[in-house]
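So for the sequence shown, the working numbering puts the first residue at 105; every next one is plus one.
It is worth saying that the hints were derived from the structure and are not from the lab.
Take the hints with a grain of salt, since some may be wrong.
Restricting the straight-line Cα-Cα distance to at most 25 Å, the calculated cross-link-like pairs of lysine to any residue (SDA-like) are [unchecked claim]:
id: 1; residue 1: Lys260; residue 2: Lys481
id: 2; residue 1: Lys481; residue 2: Arg527
id: 3; residue 1: Lys457; residue 2: Tyr269
id: 4; residue 1: Lys238; residue 2: Asn447
id: 5; residue 1: Lys260; residue 2: Asn166
With beta-carbon atoms standing in for the labels, derived distance ranges [to be verified]:
id: 6; residue 1: Pro461; residue 2: Pro529; range: 31 to 41 Å
id: 7; residue 1: Glu197; residue 2: Gly477; range: 16 to 26 Å
id: 8; residue 1: Asn286; residue 2: Ile214; range: 33 to 43 Å
id: 9; residue 1: Leu221; residue 2: Gly477; range: 16 to 26 Å
id: 10; residue 1: Arg190; residue 2: Asn314; range: 16 to 26 Å
id: 11; residue 1: Tyr353; residue 2: Pro189; range: 30 to 40 Å
id: 12; residue 1: Pro374; residue 2: Glu195; range: 29 to 39 Å
id: 13; residue 1: Asn434; residue 2: Gln355; range: 22 to 32 Å
Small disclaimer: the values here were computed from a predicted structure and weren't measured.
Heads up, the beta-carbon is just placed ideally off N, CA and C, and yes, glycines get one too.
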Amino acid sequence: MERHITLFLFFLLLTDTFAQNAVSRRSTFYLFNGPSGANVREFNAMLEQKGLSSMRNGYTSNGIGYQAQVNDFDLGVELYHNNGPRSTFREYEVDYRTTRLFLNVGYSMIEEGGFNLMHYMSLGMGYMNFQMLKEAEFGNIEEFLANPEQGFILRKYNIHRGSQYFGGFLTEIGFQLGYDINIPGLEEALELVTKFGYAFSPFENAWNLNGISFDNIQSGAFVRFGAGITLTDKNMFYSDATLGVHFIYGQNFNSPEALNPFLENHGYSPLPDVRGNFGLKIIGENRRVMYGMEVMNLSTFNRANEDFTQTLNSVRVYGNLGLQLYKRKNLELGLLGGLGYGNLRYTLEKDGKPDFPLLFEEPDHDGTLVSRGLMMKPEVLIAYAMPLSSFKIFNLVYSIHAGYELPIGNYPLANLNMASFMRGPYLQFGLGFRP
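My request is simple: use the sequences and hints to build the entire structure.
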């Protein structure tokens, strides 16, 4: 992740160096959803050899994105999650998921009225999960820990251990259409976005797991539709309106203390407290009103025993709204409130699973428990914005964020209430960029 942040900073410095005289600017934050035509080719070929129906092609993408445009040059960040179609074989459910983080570089080909057309290329990294699990329900946590083998879970660049485990090399190339709709009384405009193009993994067998290549899961044509908020020079009547992206590293002070006694009673090692984590925030400001979204990925893991490794992972997605309490020169103080979604997933993965096709015939090795619910939080932030050059086109923003997360619900793993793991304070340090 660090090398991609460095690359992003380099492009910003390059833009700031060469952008002179009259400069037009646009910053945009958007959400998107859409289908892709991926094909699980080698796995389907194995199914056909066994006389079984193939898995359906394609997956659905959901994500967030940010773009900053200076004159005709565009830079952006996208983070999105892909859900594959589910198929049923005997008592097992088969599906796959991928998550990707991209840095986008583009060129605005047309910008006329409210319409804009951009051609872009994306460079990034990802994660992949392919699983075949029974549709099992456990009455209590002891029942699961005594017999966790529900099927198999295969993970490549396992971000259930933390965002720093993102890996691989992925690319996209495509076009983006946008159309601005003015919002009465606001400097911001609503932008409708359509993206289409082709995603691919450039290296053969880069996504090989247990004897089968899953490269095709990471490749395919796509179309995505989205909407978001955009700020353009022509809408700016208030000089402090801005929209920025922030990479966050921090510590959530959460402990799996509710789960650990049950682990120890069944011969598993206790899990340590949550490790430091990376996240992504998008923060907009206008007339002291602050708004945006963020994604955090919390995790803890270690060996469970001589046969299993274990992970406890939680992803939180928040929509934030707040107020800028103080601003003097480059120093800012703000208060945000967030409402969002959180999930919780405990997984036991057995070491030494066989390769396909034997793994398909003898699938019972791994197990997982999942819970989902709503989250809320208050947050205080302190930020310092430093212009990158005398042209003051981009600011480099250093920030400190402190808050407290509160779960809405119990977040049960089987019958075990894990709300205490979802609750707690956090401290984060951010590095951001904004026009």
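Hint by hint, here is what the structure shows:
1. Lys260 <-> Lys481: violated (32 Å)
2. Lys481 <-> Arg527: Holds, at roughly 10 Å.
3. Lys457 <-> Tyr269: holds (21 Å)
4. Lys238 <-> Asn447: holds (20 Å)
5. Lys260 <-> Asn166: Within the cut-off at roughly 20 Å; holds.
6. Pro461 <-> Pro529: 31 to 41 Å: Violated: the Cβ-Cβ distance is about 49 Å, outside 31 to 41 Å.
7. Glu197 <-> Gly477: 16 to 26 Å: holds (22 Å)
8. Asn286 <-> Ile214: 33 to 43 Å: The hint (33 to 43 Å, Cβ to Cβ) is violated, given that asparagine 286 and isoleucine 214 are roughly 19 Å apart.
9. Leu221 <-> Gly477: 16 to 26 Å: violated (41 Å)
10. Arg190 <-> Asn314: 16 to 26 Å: holds (20 Å)
11. Tyr353 <-> Pro189: 30 to 40 Å: This hint holds: roughly 35 Å between Cβ atoms.
12. Pro374 <-> Glu195: 29 to 39 Å: holds (32 Å)
13. Asn434 <-> Gln355: 22 to 32 Å: Holds, since asparagine 434 and glutamine 355 (Cβ atoms, about 26 Å apart) stay within the stated range.
Checked against the numbered hints listed earlier, the structure breaks hints 1, 6, 8 and 9; every other hint is satisfied.
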